[in-house]
Every structure is written in C-alpha cells, then in structure tokens.
Amino acid sequence: MVPDAEFTSYYGRPVLHAPTWRAPDIPGYLFLGGLAGAGSLLAAGAAVTGRPELAQVMKVGSLGAIGLGAVGLVHDLGRPSRFANMLRVFKPTSPMSVGSWLLAGYGPAAGVAALTALTGRAKTLGAVGTAAAAVLGPGVAAYTGALVSDTAVPAWHEGYREMPFLFVGSGASAAGGLGLLAVRLAESAPARSMAVLGTCLEMGATQVMERRLGFVGTPYRSGSGGRFMTASKVLAAVGTAAALAGRRSRWMSAAAGAGFLASSACTRWGVFHAGLDSARDPAYVVRPQRERVQIGAQDDDR
Amino acid sequence: MSTVFLGDIDPAGRAGHEDHPPRMGFFTDTSVCIGCKACEVACKEWNAIPEDGIDFTGMSYDNTQGLGGSTWRHVAFIEQAKPLAAQVPGVQHPAGEPADLRWLMASDVCKHCTQAACLDVCPTGALFRTEFGTVVVQEDVCNGCGYCVPACPYGVIDQRKDDGRAWKCTLCYDRLGEGLEPACAKACPTESIQYGPLEELRRRATDRVEHLHRNGVTDARLYGEDPHDGVGGAGAFFLLLDEPEAYGLPPDPIVTTRDLPDMWKHVGMAAAALVALAVGAFGAGR
Chain A
5 MVPDAEFTSY
15 YGRPVLHAPT
25 WRAPDIPGYL
35 FLGGLAGAGS
45 LLAAGAAVTG
55 RPELAQVMKV
65 GSLGAIGLGA
75 VGLVHDLGRP
85 SRFANMLRVF
95 KPTSPMSVGS
105 WLLAGYGPAA
115 GVAALTALTG
125 RAKTLGAVGT
135 AAAAVLGPGV
145 AAYTGALVSD
155 TAVPAWHEGY
165 REMPFLFVGS
175 GASAAGGLGL
185 LAVRLAESAP
195 ARSMAVLGTC
205 LEMGATQVME
215 RRLGFVGTPY
225 RSGSGGRFMT
235 ASKVLAAVGT
245 AAALAGRRSR
255 WMSAAAGAGF
265 LASSACTRWG
275 VFHAGLDSAR
285 DPAYVVRPQR
295 ERVQIGAQDD
305 DR
Chain B
-1 MSTVFLGDID
9 PAGRAGHEDH
19 PPRMGFFTDT
29 SVCIGCKACE
39 VACKEWNAIP
49 EDGIDFTGMS
59 YDNTQGLGGS
69 TWRHVAFIEQ
79 AKPLAAQVPG
89 VQHPAGEPAD
99 LRWLMASDVC
109 KHCTQAACLD
119 VCPTGALFRT
129 EFGTVVVQED
139 VCNGCGYCVP
149 ACPYGVIDQR
159 KDDGRAWKCT
169 LCYDRLGEGL
179 EPACAKACPT
189 ESIQYGPLEE
199 LRRRATDRVE
209 HLHRNGVTDA
219 RLYGEDPHDG
229 VGGAGAFFLL
239 LDEPEAYGLP
249 PDPIVTTRDL
259 PDMWKHVGMA
269 AAALVALAVG
279 AFGAGR
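Protein chains in written order, with this note's numbering: chain A, 5 to 306; chain B, -1 to 284.
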C-alpha cells in the first residue's frame, strides 16, 4: 500500500532529534572497525596458511585501524574525559555497551598480534593474540549494524535485518583491499578473494535493503547519502574489474585495493548521511506510522 | 501492529526498587491549555536550565520550537480554520471576512516511557529508572556519547552543545522526593498539566474524554495512555484535539529495542557469514 504523499507535521519540523554524531569520527569508525575486524580474520588465515607478509600487513593494519577508530569514538564524545564510563556497566540492551566491551577485548588482542609480528618475539603469545583477534573480529565488524539500527532513525532502524550483512561485506571488502594494496602478488590471492566476495555481499545486502525499505529508503538514493552510495557502487565496480583483470599485475592489484577501500568508506559515509537525512525529515517518521495506524484500524473493523 | 509486548507492567519494580511508591506521571489535558508558557518558565527556573536561543520563528506564538537539551517543556501553537466543538463559527474580525479559527495549544514533555529506548541504549548507566517509575539522566555519569538522542522515538532528549552531555525532563525528581509536584504542574494556571499517580490520571483522563465527547468535542482523544502501545504506555500522556502529528508527535511510536533481540540474531548471522567468507577466500586462494 502506497501511503498518501500528503502528511501532517508541526510546521514541517522534524519529529526526531538527528544523531549528534559527527563525520569523520563516526562514519570513519564504522569503516575502520569493519576493516580491522575482517582484517584480523585475514591475518589469522594468512598465518595458518603460511603467508607471513599478508599476515603481518593485516595484523598491523587492523591495529592501526582500530586504534584510529577508537580515537574517533572518544573524540566524538560530548565529554571525552569520561570515555572510561563506557565500561562502568555491561548492558546487552545497548549495542554501544556491547561494542565497548568487544573493543576492550579486541583492541589488546590486535595489539599483541601486531607487536609480536613486528618484533618477531614472543611467538606463542603472538599466536594467542592473533587467534583472539580473529575470534572477536567478526563481532567487531558486525555489531555496528545493530549500533546504528537500534535507534528510531527510520532509514537505519527499518534496515536492521540487512545492515549487519552490509557492514561485514563492506568490512571484508576493505580488509581485502588493504591486502591487495600492500602485499605482493605471491601472497595476496586470499585478499583478492575476500575483497571480491565482500563486495558482492555488501552490494547484495544493499540491494535487498533498498528494495524492502521503499519510501523509507529514499535517503540512500538521494541527497548526500545517495551520492556516497553511488560513489561506493562505482568504486566497487572499478575495484572488482581491476582485481579480476589484474591478477598478474602488481599495479592493477594495488589500484583495485585502493578502489575497494574507498568504496567501503563511501558506503559508511553514505549510510551515515542517509540516517541523518531520514531523521531530519518528518515524512519518514510520520508516513509509515500513519499507514500502520490505518492498517490497524482496518483490521479492527473486520 | 502497534500492539506489542508486555502491557501494564511495573517499571520501577522491574528496575529493582522494592516497596516503591506508586508510578507517578503527567496527564497534559491540552483542551484547557491557554498557551501561557508558565510551564516552560517554571521548568527553566526550577531546574536552572540555561537560555537556549531567542528566535522569532513565525510559527504562531511558538518561538521555543521544540523540546531539547535546554527545553524540557514546550508549548505548541497550531492555528486551524476549523470550529471548535459547539463554538459559534464565523469569527468576525473588525477587518476582513468572517472565518473559522481554532487555536490548539499543547505543552509537550518527556513521555517517561514504560519501555524507554533512551534508557535501554545508554551504555554508561547514566540514564536510570527512579522509584517513581520515571526516567532520569545522572549528569555526573553521562559521557555525552549521544546514543539516547536518536534512540528516542519522540525527539525529546538532546545534547547540550556547549556542555556535551544529554539532558531532558527529570519529572522534577528532586521535588518528588520531597512530596512536591513538578514545577510545571505547580505553575500551570488551568490544570492543563496534572501530576499524580498514573493509574488515577488514566481514570481522570478517560472521564475527561467522555465528558468532551458528550459536549460535542468529538476530536478529543488520548495519546500515550495505552499500556499496550509501542512504548508500553507513557508515564506522561496527553489529551489531544487533533492527530498527534499535527502537534509534532509521532502517530505510532515503537521503542527501537523491541527489535533488538532480532537485531542481535542478524548480527550473529552476519558475523558467521564473515567467517564463512574468509574461509572461502582462503579456499579459493589456494
């Protein structure tokens, strides 16, 4: 049922308060967290399958990404000096609380993995760190889907089923992209596969989400959110083409890697801005709710 | 549908308060609001809320615009070309054509939801449920993460920019503890804002709607009084004379955390998909 284009509002003012979260802190964290989480899986796989260069690049890259992402998170707080209050309680009802505890476990593990790889010392400890980061990494990459969806923001909340898949796909695309960019051809094959598979998952989840959201998904197609989402798709197509055509070219592979990284970042900025736009326009709040009330009233009449 | 879970529950008891007082709340009867804004002023005064901009909006007499970190009561003004109930239509102004006019005024406030999204998503525990069943921010704990802001389905709680923390109506928690009524209710000259035990307020509100209907005000309806609605019923509910969205209120809000178990399920599946994808990448790379 298509809702009426007309809807009532109070002088056109928003019903919701838009997130106070700012760019680049928060979309940057969404990107870097995905890169780090999926990167730790790639690092562990590389370590197990005897690809030391890929393993080292992904361990160091994951630590750098999560470190920079955490700086963004703290910087975005209204009271950065109180960041430690995040670990004051554990609340499964708050994805941000769950994420804080995940990061508190994942960060040190990624740190141990990277530092032992760089120094070549404490190999057993390094293996434990690598394994722990690989176990927690998928959670780090996926929980942000619930983080943004667990709000009243229509474009985020209504997409809660697809958002975690979209985000892990984007994370895999970024991690594979980093491997392609920084690792020699001899060891980069799994990174190439991960980037291409991740991109497919991301694009598939985006398609499903936009189709299901209909009117509420408009901010993913228009405005600044739409521009970032389009840029993401173009970059992903370029990256995929270069990755598949340039298997034997170091330069083509590096260009593909850069394309995947940029595409993943654009996705996160696109989702971020689509959410802000959807919170600021009362149509996205009022029209679906009014439609729901009307359907409920019809059901009552029967 | 908006008929969700729990129904009438005891939020204070569920939060661990034993032998707590009855759940207290507001019934804001907008049919007797005269738009004096005494509630806005009393709230600012009592709670020592900073000034947050003096604008001329052109939105009737509303220059406050909406609830926010430094506005915990907000009086909305809506001018409509409709007669109000048995009012004699065709208001004759000295100059110009006779026209119908009804002027709706409504004092908005935090709903103190039974299922409060702000409280659910707060990662620090700064937001908590009081023994009166209300929802309050502890300003010495809040670290300004801002998660509560987009979680609220009514656009109530907000960040104070210069301060960084999130603020909203406390239902005058400090006054309640002393047996006093909240400042806005105390200041309201028409008893549009009524404070009391929620059960009693609900009874009073039902009677009031029936009374208005009998007197031809067929537009009168309650908003937020139903414990089976999407937030489990509001601790602060309203009698409105038009659709909620005309007042800037969402017509059928649902607490976002209702879907959280399903969200976690999807997060788990996505994390598993990522592991499978990585295994596949190494399988393909051999």
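Bear in mind the hints are in silico, worked out from the structure with no lab data behind them. Check before you lean on any hint, since a few could be wrong.
[Stated by the list, open to error] DSS-like, lysine-lysine: derived pairs with alpha carbons at most 30 Å apart: (1) Lys95/A <-> Lys184/B; (2) Lys42/B <-> Lys159/B; (3) Lys80/B <-> Lys95/A; (4) Lys184/B <-> Lys237/A; (5) Lys42/B <-> Lys184/B.
Tested hints:
1. Lys95/A <-> Lys184/B: Not OK: Lys95/A and Lys184/B at ~37 Å, beyond 30 Å, violated.
2. Lys42/B <-> Lys159/B: 17 Å, holds
3. Lys80/B <-> Lys95/A: 49 Å, violated
4. Lys184/B <-> Lys237/A: Violated, at roughly 58 Å.
5. Lys42/B <-> Lys184/B: Between Lys42/B and Lys184/B the Cα gap is close to 13 Å, so the pair holds against 30 Å.
Consistency note: the structure conflicts with the earlier hints numbered 1, 3 and 4.
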